[in-house]
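Go ahead and model the full structure; you've got the sequences and the hints to work with.
These protein sequence lines map, in sequence, to chains W and A.
First residue of the first sequence: 1, per the working numbering; consecutive thereafter.
First residue of the second sequence: 1, per the working numbering; consecutive thereafter.
A hint or two may mislead.
Derived lysine-lysine pairs resembling PhoX-like cross-links, with alpha carbons at most 25 Å apart [claimed, not checked]:
| no. | chain 1 | residue 1 | chain 2 | residue 2 |
| --- | --- | --- | --- | --- |
| 1 | W | Lys532 | W | Lys544 |
| 2 | A | Lys544 | W | Lys532 |
| 3 | W | Lys538 | A | Lys532 |
A few chain W residues that face chain A, going by a derived Cβ cut-off under 7 Å, partial list only [to be verified]:
| no. | residue |
| --- | --- |
| 4 | Asn11 |
| 5 | Ser12 |
| 6 | Thr15 |
| 7 | Lys16 |
| 8 | Glu18 |
| 9 | Thr44 |
| 10 | Leu48 |
| 11 | Met164 |
| 12 | Lys391 |
| 13 | Ile394 |
| 14 | Gln404 |
| 15 | Ala405 |
| 16 | Thr409 |
| 17 | Gly541 |
| 18 | Glu545 |
| 19 | Glu551 |
It is worth saying that the hints were derived from the structure and are not from the lab.
What you are looking at is a predicted structure, and each value in this text was computed from that prediction instead of being measured.
By construction, the Cβ of each residue, glycine as well, lies at the ideal position given by its N, Cα and C atoms.
Number of protein chains: 2
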Amino acid sequence: MRNKLLRVNMNSLTTKFEDLPKSLRNLGGRGLTSSIVKEEVPPTCHPLRSNNKLVFAPGMVTGTSAPSSGRLSVGGKSPLTGGIKESNVGTNFAQALARLGVKVIIVEGQFDDRYKLLQVDSEGVSFADATPWSDIGLYEAYEGLRQEFGDQVDICGTGIVGEMEAANSGIVFNDPEGLPSRYSGRGGLGAVMASRGLKFIVLDDEGAPGVDLADEEQFRKGTKKLTNALTEHDVTKPGGTLNSYGTDAMVDVINEAGALPQFNFSKGRDDRAAKVSGEAKAEEIKNREGTRPHACHDGCVIQCSEIWTKPGGEDPVGVLEYESVWSLGPNCGIYDLDTVGELNRACNDLGLDTIEAGATIAVAMEGGLLDFGDGTGALELMDEIREGTSKGRILANGAEFAGQALGVTRVPAVKGQAMPAYDPRAIKGMGVTYATTPMGADHTAGYTVSPEILSVGGEEDPLSSEGKSTLSREIQYATAFIDSTGYCLFTTFATADIPKGEEGLIESVNGVLGTDYTADDILEIGKKIIEKERQFNKEAGFTKEDDRLPEFMVEEELPPHDESFDVSVEQLDEVFET
Amino acid sequence: MRNKLLRVNMNSLTTKFEDLPKSLRNLGGRGLTSSIVKEEVPPTCHPLRSNNKLVFAPGMVTGTSAPSSGRLSVGGKSPLTGGIKESNVGTNFAQALARLGVKVIIVEGQFDDRYKLLQVDSEGVSFADATPWSDIGLYEAYEGLRQEFGDQVDICGTGIVGEMEAANSGIVFNDPEGLPSRYSGRGGLGAVMASRGLKFIVLDDEGAPGVDLADEEQFRKGTKKLTNALTEHDVTKPGGTLNSYGTDAMVDVINEAGALPQFNFSKGRDDRAAKVSGEAKAEEIKNREGTRPHACHDGCVIQCSEIWTKPGGEDPVGVLEYESVWSLGPNCGIYDLDTVGELNRACNDLGLDTIEAGATIAVAMEGGLLDFGDGTGALELMDEIREGTSKGRILANGAEFAGQALGVTRVPAVKGQAMPAYDPRAIKGMGVTYATTPMGADHTAGYTVSPEILSVGGEEDPLSSEGKSTLSREIQYATAFIDSTGYCLFTTFATADIPKGEEGLIESVNGVLGTDYTADDILEIGKKIIEKERQFNKEAGFTKEDDRLPEFMVEEELPPHDESFDVSVEQLDEVFET
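Below, the structure is given as structure tokens:
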């Protein structure tokens with residue numbers, strides 16, 4: 001069985017393998033999820049009612065031996081933004097699904113008597129009762145599921161906040177050690193999953209057929225070039241920035257740039273940020289016998305991940321990513337890795353997206369629910385969420401929701417989704433991306449930080465608004481393609497600077513699909529994906545007024561650069577109206 | 001001083017009388033508030049930040065001796081809908097403001113050190129400290145204000161929920177007895193007021209110049225014809241329906257029609273509804289020495305109001321309107337007037353719109369926070385709001401907000417505003433009005449119930465979708481005119497059936513303004529107002545997708561007629577795209 005679409009009907013608890021329509025056959029990841037959501041989900045439907053669907057798709061090359069290619073896209077209509085959502089994750093689950101010959105899973109309808117679990121292996125598909133692993137934390141649930149189904153399985157699920165059908169509920173995957181620490185976190189797709197009546201998907205790829213290669217020679221040649229580039233570039237190579245310090249290496253860099261949002265986006269630089277830097281964390285992981293570096297999925301050559309633990313290697317959490325450390329740390333005025341680690345553990349356990357969770361706590365701090373810097377108070381809020389109290393439900397619905405509940409008008413969100421760790425007033429290109437991506441504020445949608453701060457793939461002045469429409473657009477198009485390939489976005493640090501690497505990446509895709517894409521096709525493929533996404537949003541009722549940053553960022557200057565967001569609305573509208 | 005615009009700057013605590021621009025001079029009420037909001041408020045601004053404004057305008061003939069003409073419009077950008085809002089009220093405050101020569105008050109900017117009180121009298125304008133009457137219930141506050149400023153003053157204010165900047169916060173006016181029971185309830189304008197730093201406006205019209213009449217003869221002739229019509233028509237005459245039973249007379253009528261939403265819009269008819277009917281209530285008011293009939297403002301000939309009390313005439317609440325009785329009663333499965341009365345008292349005291357409050361409690365009941373029919377529990381929820389607990393804040397932000405917090409997808413709201421007491425599946429024209437009015441679900445915006453149920457102004461089948469676009473459009477245009485005149489909407493029961501009455505109404509307007517409007521002009525004037533409102537909403541990011549009823553009403557049939565909302569989206573789009 002190869003290249004199949006698995007349709008899961010939760011109304012009738014039936015499943016069906018279908019041939020992938022020809023129009024979808026050369027797609028993968030985001031290209032596939034966004035095409036299917038656009039095609040099959042009524043844009044105006046309520047995201048938590050029966051007409052929404054949840055779509056899972058590994059990337060084009062996922063499941064092969066291509067380096068750092070274990071990405072999976074999850075798509076649907078977002079309960080957080082009200083628009084189309086693609087949220088992607090690096091996990092062995094992606095590779096297992098691809099090797100099982102499944103290009104895409106579409107979950108539709110609603111099973112009323114909650115909850116079910118879907119098993120997929122090389123023998124077929126079946127449902128099981130998920131209640132034994134429901135209404136408990138995901139660390140316990142994933143351990144229990146592995147006891148039941150075996151250590152070799154890969155698991156996807158949604159947590160207690162998904163069961164609440166709260167808008168900040170991610171879809172959670174295991175890391176190679178089985179910890180629930182890999183996330184399609186953004187946009188509330190966990191609630192979409194839970195509202196289908198589906199709590200977990202358990203994969204076992206033993207005996208799976210694997211992924212067909214249309215042109216093995218081409219594939220080998222390409223992956224070799226790409227691997228070379230990844231192992232050469234300073235950011236991605238073994239012993240390089242990501243490998244040594246993880247994504248959290250960005251704390252010092254962005255703080256230095258005056259763009260690390262702190263105290264709910266009130267200032268961009270604070271000396272205390274060094275306490276939660278990647279360097280400090282790597283040192284501490286060594287001290288406490290955690291694991292670093294670490295691959296989030298098999299076959300990753302970058303290995304930016306890690307396993308954070310309590311002292312002595314106790315109670316492993318999983319990775320503490322830059323965005324998580326920032327949002328649960330400095331953005332809340334918290335500069336303590338132990339507190340951040342425990343907050344991250346709580347997010348993983350509950351099924352919360354860390355970016356949205358930290359942004360929400362910071363808004364709650366501004367709203368007077370607790371003081372900035374109060375880590376104990378922040379952890380208590382996580383207990384409120386776990387217990388499903390009214391306070392917990394306010395917080396589980398994200399930053400904008402909490403802002404309304406608490407009378408806070410400084411809410412750093414676009415299309416209802418909280419901003420990640422780059423203040424758009426100090427890195428203007430990121431503001432353009434946050435505003436215009438169909439996803440809501442999302443750094444991965446068009447990471448202009450590369451040229452604006454890291455001098456990767458060019459060099460741009462972060463404080464200037466000039467040329468940022470074009471910059472964001474081109475990076476967004478390229479990203480939509482990368483999000484479809486199954487390659488980790490971090491491969492682009494290398495491919496942006498090393499032409500052979502980009503060449504290799506494209507060849508590897510051609511090797512799998514039998515296509516003859518060139519570098520010129522990439523932007524075109526990405527463009528088509530984003531056009532579908534924008535069309536969905538338009539039909540859902542979005543307009544250019546949704547492609548804006550919050551008013552306070554236009555009105556209020558951010559220290560230390562004392563810049564407001566001064567990219568004009570005309571420039572924002574130029575991004576996709578050209 | 002006549003025909004002045006009073007501009008109140010809360011940043012600098014300064015006030016200024018301006019001449020009304022020529023373009024606004026013949027407007028009043030809604031025509032004036034919507035024109036000014038359209039002109040002066042940036043459509044994309046955050047409703048609770050400094051760029052929003054709050055506009056008060058009595059109607060064209062308000063302050064004169066015209067019958068039943070004490071209406072005031074309040075306008076601004078709504079924190080509940082995100083669109084333009086006009087919410088109007090019948091109150092002596094309207095007449096006092098008009099007699100003081102003030103055609104409109106514009107409150108702009110934000111005073112940070114909360115709260116101020118604005119005094120306007122024939123001597124001028126001044127600010128006072130409002131803190132002694134803040135953070136307390138409005139019954140106590142209004143009594144205190146009358147002790148301070150005299151029994152003769154008229155008061156406008158916002159309550160505890162306004163101070164919370166919650167989206168279900170009305171603007172509250174005193175009735176002739178001084179009770180805080182007259183409401184510009186809808187759309188959260190109380191939060192807009194409080195976020196300006198303004199808590200109360202106190203008017204004293206002693207020595208006021210009164211309203212100029214351009215053509216006294218014409219005015220007298222007109223008001224006489226209108227008064228005759230009002231005193232002849234069965235609905236509006238002394239001893240007629242409204243006078244005898246108040247608006248609550250509709251309970252039996254709409255229940256009989258199978259369109260009285262009960263148990264959160266789950267059924268349209270229930271025998272128990274009779275227990276809270278206008279007839280039952282009038283009888284009970286007599287038993288307990290309340291007041292009925294009663295005028296909500298001086299010079300009303302309809303006198304549909306009342307003063308509900310506890311037994312023995314204790315603890316007067318004010319009027320229990322049909323919409324309030326329904327929302328706090330049958331829609332929550334509560335069929336007990338005493339409970340409804342105490343819930344209404346709590347709404348008045350806190351500054352909550354009763355329609356939104358009842359819809360929110362019903363959603364909370366569906367979400368499992370309490371059982372349907374649990375009046376004691378509902379009253380406890382009001383205490384939660386008063387205390388500003390997290391649960392209270394969820395509820396104070398309205399039905400849609402509570403639905404998201406509690407995972408309820410059956411939320412009867414349009415543009416974020418909860419529906420009033422007519423299920424659109426059983427009165428299709430009301431669904432067209434709810435969907436298409438720029439205001440969010442609002443029965444007063446285009447009351448098709450008149451021809452669909454009451455055989456007033458024609459006769460239409462309520463269950464048929466045919467012709468309802470035209471019907472709703474024409475009534476919406478006519479209503480926008482009436483909302484500008486200062487006449488109570490109930491005058492249209494008489495003018496729709498008695499041509500002389502309509503003639504008189506128009507003559508009275510001409511008598512005040514010196515215009516020569518004819519019946520043909522009315523729809524055109526109303527149309528222009530709605531076009532401005534729609535333009536504001538469009539610039540705020542609204543599209544035709546916002547002109548829709550919630551998905552569940554299209555999918556789910558309402559007993560006893562077992563009808564879903566089957567007016568097509570094309571028909572909805574026809575209303576204003578013709």
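Hint check results:
1. With a C-alpha separation of about 16 Å, the suggested pairing of lysine 532 (chain W) with lysine 544 (chain W) holds against the 25 Å cut-off.
2. Among the hinted pairs, lysine 544 (chain A) with lysine 532 (chain W) is consistent with the structure: their alpha-carbon atoms are about 20 Å apart, no more than 25 Å.
3. Taken as a hint, the lysine 538 (chain W) and lysine 532 (chain A) pair is honoured in the structure, with Cα atoms around 23 Å apart against an allowance of 25 Å.
4. A distance limit of 7 Å between C-beta atoms decides the matter here; for asparagine 11 (chain W) the minimum to chain A is near 14 Å, and the interface restraint is violated.
5. Annotation: serine 12 (chain W) was flagged as interfacial toward chain A, and the flag is violated, the nearest CB pair being 18 Å apart, outside 7 Å.
6. Contact between threonine 15 (chain W) and chain A, as hinted, is not supported at the beta carbon level, the nearest pair being about 25 Å apart and thus beyond 7 Å.
7. Of the supplied interface hints, the one on lysine 16 (chain W) is violated, with its beta-carbon coming no nearer than about 24 Å to a beta-carbon of chain A, more than 7 Å.
8. Annotation: glutamate 18 (chain W) was flagged as interfacial toward chain A, and the flag is violated, the nearest CB pair being 26 Å apart, outside 7 Å.
9. Interface hint status for threonine 44 (chain W): upheld, as the beta-carbon distance to the closest one in chain A is roughly 6 Å, under 7 Å.
10. The beta carbon of leucine 48 (chain W) comes within 5 Å of a beta carbon in chain A, closer than 7 Å, and the hint placing it at the interface holds.
11. The restraint placing methionine 164 (chain W) at the interface with chain A holds, with a minimum CB-CB distance near 6 Å, inside the 7 Å limit.
12. A hinted interface residue such as lysine 391 (chain W) counts as satisfied when its beta carbon comes closer than 7 Å to some beta carbon of chain A; here the least separation is about 4 Å, so the hint holds.
13. Annotation: interface hint on isoleucine 394 (chain W) holds; nearest CB of chain A at approximately 6 Å, less than 7 Å.
14. Because the smallest distance between the Cβ of glutamine 404 (chain W) and any Cβ of chain A comes to about 6 Å, under 7 Å, the interface hint for this residue holds.
15. The closest approach between the C-beta of alanine 405 (chain W) and any C-beta of chain A is roughly 5 Å, which is under the 7 Å cut-off, so the hint is satisfied.
16. Using the Cβ-Cβ criterion of 7 Å, the hint placing threonine 409 (chain W) at the interface with chain A is satisfied: the shortest such distance is roughly 5 Å.
17. The restraint placing glycine 541 (chain W) at the interface with chain A holds, with a minimum CB-CB distance near 3 Å, inside the 7 Å limit.
18. About 3 Å separates the beta-carbon of glutamate 545 (chain W) from the nearest beta-carbon of chain A, less than 7 Å, and the hint is met.
19. Annotation: interface hint on glutamate 551 (chain W) holds; nearest CB of chain A at approximately 5 Å, less than 7 Å.
In summary, the structure is inconsistent with hints 4, 5, 6, 7, 8 from the numbered list given earlier, while agreeing with the others.
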